[in-house]
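Heads up: the sequence lines are chains P and B, in that order.
Sequential numbering of the first sequence, starting at 1, is according to the numbering used here.
Sequential numbering of the second sequence, starting at 1001, is according to the numbering used here.
Source of the hints: derived by calculation from the structure; they are not laboratory data.
Each residue gets a CB set at the ideal place from its N, CA and C atoms; glycine is no exception.
Please note: incorrect hints may appear among the correct ones.
Reference excerpt, derived from the structure (chain P facing chain B, CB under 10 Å, subset only) [unchecked claim]: (1) Val66; (2) Lys93; (3) Arg231; (4) Ala251; (5) Leu252; (6) Val422.
Spelled out from the first residue to the last, the chains are:
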Amino acid sequence: MFRGALWLLAGRGYVGRGLSTRSGGSTPDWTEKVSEIKKKIQSALPGGPWDPLYDTSHLPPEHSDVVIVGGGVLGLSVAYWLKRLEKPRGAIKVLVVDRDHTYSQASTGLSVGGIRQQFSLPENIQLSLFSVDFLRNINEYLAVVDDPPLDVQFNPSGYLLLASEKGAAIMESNVKVQRQEGAKVCLMSPEQLQNKFPWINTDGVALASYGFITSSSRMQTSSGKEMTLKRIHEVHVKMDHSLEYQPVECALVINAAGAWSGQVAELAGIGKGPPGTLEGTKLPVEPRKRYVYFWHCPEGPGLETPFMADTSGAYFRREGLGHNYLGGCSPTEEEEPDPGNLEVDHDFFQDKVWPHLAHRVPAFQSLKVRSAWAGYYDYNTFDQNGVVGPHPLVVNMYFATGFSGHGLQQAPAVGRAVAEMVLEGQFQTINLSSLLFSRFYLGEKVEERNII
Amino acid sequence: MLKIIIPTTMLIPLTWLSKSNMLWINSTIYSLMISMTCLPLMNQFCDNSLNMSLLFFSDSLSTPLLMLTTWLLPLMIIASQYHMAKEPLARKKLYITMMILLQVFLIMTFSATELIMFYILFEATLVPTLIMITRWGGQTERLNAGIYFLFYTLAGSLPLLVALIYTQTTLGSLNLLLAQYWIEPSTPVWSDSLLWLAYMLAFMVKMPLYGLHLWLPKAHVEAPIAGSMVLAAILLKLGGYGMLRITLMLSPTANFMAYPFLMLSLWGMVMTSSICLRQTDLKSLIAYSSVSHMALVIMAILIQSPWSFMGATALMIAHGLTSSLLFCLANSNYERTHSRTMILARGLQMILPLMAAWWLLASLTNLALPPSINLIGELFVTASMFSWSNFSIILLGINIVITALYTLYMLIMTQRGKYTYHVHNIKPSFTRENTLMSLHLTPLLLLMISPKIILGTMY
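Chain P extracted, bound-state conformation (with noise of 0.2 Å):
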């Protein structure tokens, strides 16, 4: 009897616990439920010009501090250092904007990713000795609490330039500032190269520099000219696949938008003016297509490949460990693919790029394209080097693109020291004051002499 009534209670128990799971249930089907009232509601009545259920949490926010045009590896390093850079915490609301949350067409996904110090120009041998600091050292930046390490795949083999006899005394002098700056890099002859790397033809190669990495620093600024300054107030955010748009009020925009840079800003007026003047200077930054081949050659070079470009241009690195390589050529100006599309032309690679990899290395004889995809660079047309810092003209909008195939490889110090522009007013840490807009006016251009 005495287990009977305790079977009861226990059943009874059941059953509350039933209820009461079933009322549970029913809670998360409740929101469902709104929705579809909503819904029905809103499909049975007339649309009218007053909606006062219209929900925005869909849309950007109407105000933000800084407004970033781009997304890619450049526009979200400027938020970040902006972020980090930022005395008291919380002071400045930064929006990042991107047209495509797939990054399907952001040179950003599409790039080789080979990262090099050996630059002629003083800054960017900086900003690339800054940006490998930033991705040997990670996790001391990007790690978040509780997250596992990151792990960006940074393989640090070295790259190798070749320089043909014409080239040599460039090299030279090129390795010269290097050092100067604090990288480091060593010269080789042909001999101590094919001791070095067997696998080389070393035919035709008077000098080959061979790199590695360090850091550095310094600072200052320019004006503008007594015209019409313009100041933007607001951005238009047009959303995805439909008309409505959000105007968020800002206080600075800054155009990290890669390729469609120079459109961005002639939205903003930069370049709407008489020729030959401030105002009629363009942002001279438009997209040009690159090639990239992923081949497989099981007699390739090993695991101590550099990154190695050759004297004619072509270039490829090892992706993985299973002689799998990448690589690809930058075509002449007469050879320039149409930007217009992604396709990708396999015939250049038959004609121009194998002919020049077999010849430098023989394994490459023999070998498997596996699949091959082209990506934009933000190509400047006037020098092919970056623009960073603010436009003399409109006052508010800053710059961080046109680094034409060498962005992702100076995409951290080059969010550095544009965020260190907006939050002190000036350089601090590396002087990028030869990288301004106002030298597309002046005619000055900041050339490297070692392009690829």
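Knowing the structure of chain P, use the given hints to seat chain B on it.
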């Protein structure tokens, strides 16, 4: 009093019937003229009060506040001109109507004889303010701010209604002038403390007291400039005025009830000043400094000594003008750079030197520099608090230092140093803005000559 209320009410048809190009001019000039009609009230020939009718009266406590209210309407209209420029005409007129309506309610509140009328208008002032904050505020957070503002104040003042009606049934009349003579200390009853709490809570929330101040930073930051001005300058003083009137009726039976609130105010004063040091948003900094100054006023009223009452009234008037001035200055920054973050707009002294002069004067009055009336208020309050309890001087001293710290921090951050690159093409100061600032500063500086008119009933 009708000579002030009827012209103010008539301002509403004036705005609606004005042509679009005369709208701002008409409302500003006529409201300035109305504020001039308030001046003769200052001529208080009787120690008691100036009774104009059964409904309205004014004495030396309500007159400075009335002056402040009527003075502020033209200033609010001047300040709103820029950000309302792009709105359609009907909305502009609606906005000005809200301001005028608020003005009418405030005038009637400050001059009400009957406490129920005071209560009704006290609640009525919430409605136009709420409309101004939620409809014309800057960001999406303004809805949240409006809700906090409305419900905090409403919840605080419901007990006040109950207490007033109870007093009406027991006393027979709630006429303020008579009430001060009728109250006799009776045997202490437990419900005395409840009655005290019911009366005081509404005004504590309005002041605001430190624990009940959450609505203030939100409401001040999200409100448009006219909303911020009227909130900081007048609406906070409604609480102070109410407390000053009611304490005459409530003392001395439940004086012990004041202690928790005194502690809250002492501590809150130091806390909110310290928060100001860490603020990145300019308007938020000024909002928290308002809480800090008002905590001084609450303390002064709660200790109920003649000197402290004088200090409280002086501080209310001085803070009203200073806080409103600071909000106008912050707004002039915001209109140019579209951002309220302090670090994005620095070194403005190089670019707008006259505005820097106004900033300097506003900061100097905010940190209670002698011989401004801010100092007189603070000094009277400090002295009377010291005589009430010697130890309070420590916290009061700390607060004065921290006030100076954050005010100077605000000044140096916005004005001094190298200017950020993107502010070098902001529009120069408009004459309208300079007028606005000088109209704020002129009373502040002129009152230094004869502060006795703002020292209230105990002078």
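Hint-by-hint comparison with the structure:
For valine 66 of chain P, the interface hint holds, since its Cβ comes within 10 Å of a Cβ in chain B; the closest pair sits about 8 Å apart. Taking 10 Å as the C-beta contact cut-off toward chain B, the hint placing lysine 93 of chain P at the interface holds, the least distance being around 8 Å. The interface hint given for arginine 231 of chain P holds, since its Cβ lies 6 Å from the closest Cβ of chain B, which is under the 10 Å cut-off. This hint holds: alanine 251 of chain P has a C-beta 4 Å from the nearest C-beta of chain B, less than the 10 Å allowed.
Checking leucine 252 of chain P against chain B: minimum C-beta separation of about 6 Å stays under 10 Å; hint holds. A hinted interface residue such as valine 422 of chain P counts as satisfied when its beta carbon comes closer than 10 Å to some beta carbon of chain B; here the least separation is about 7 Å, so the hint holds.
Checked against the numbered hints given earlier, this structure breaks none of them.
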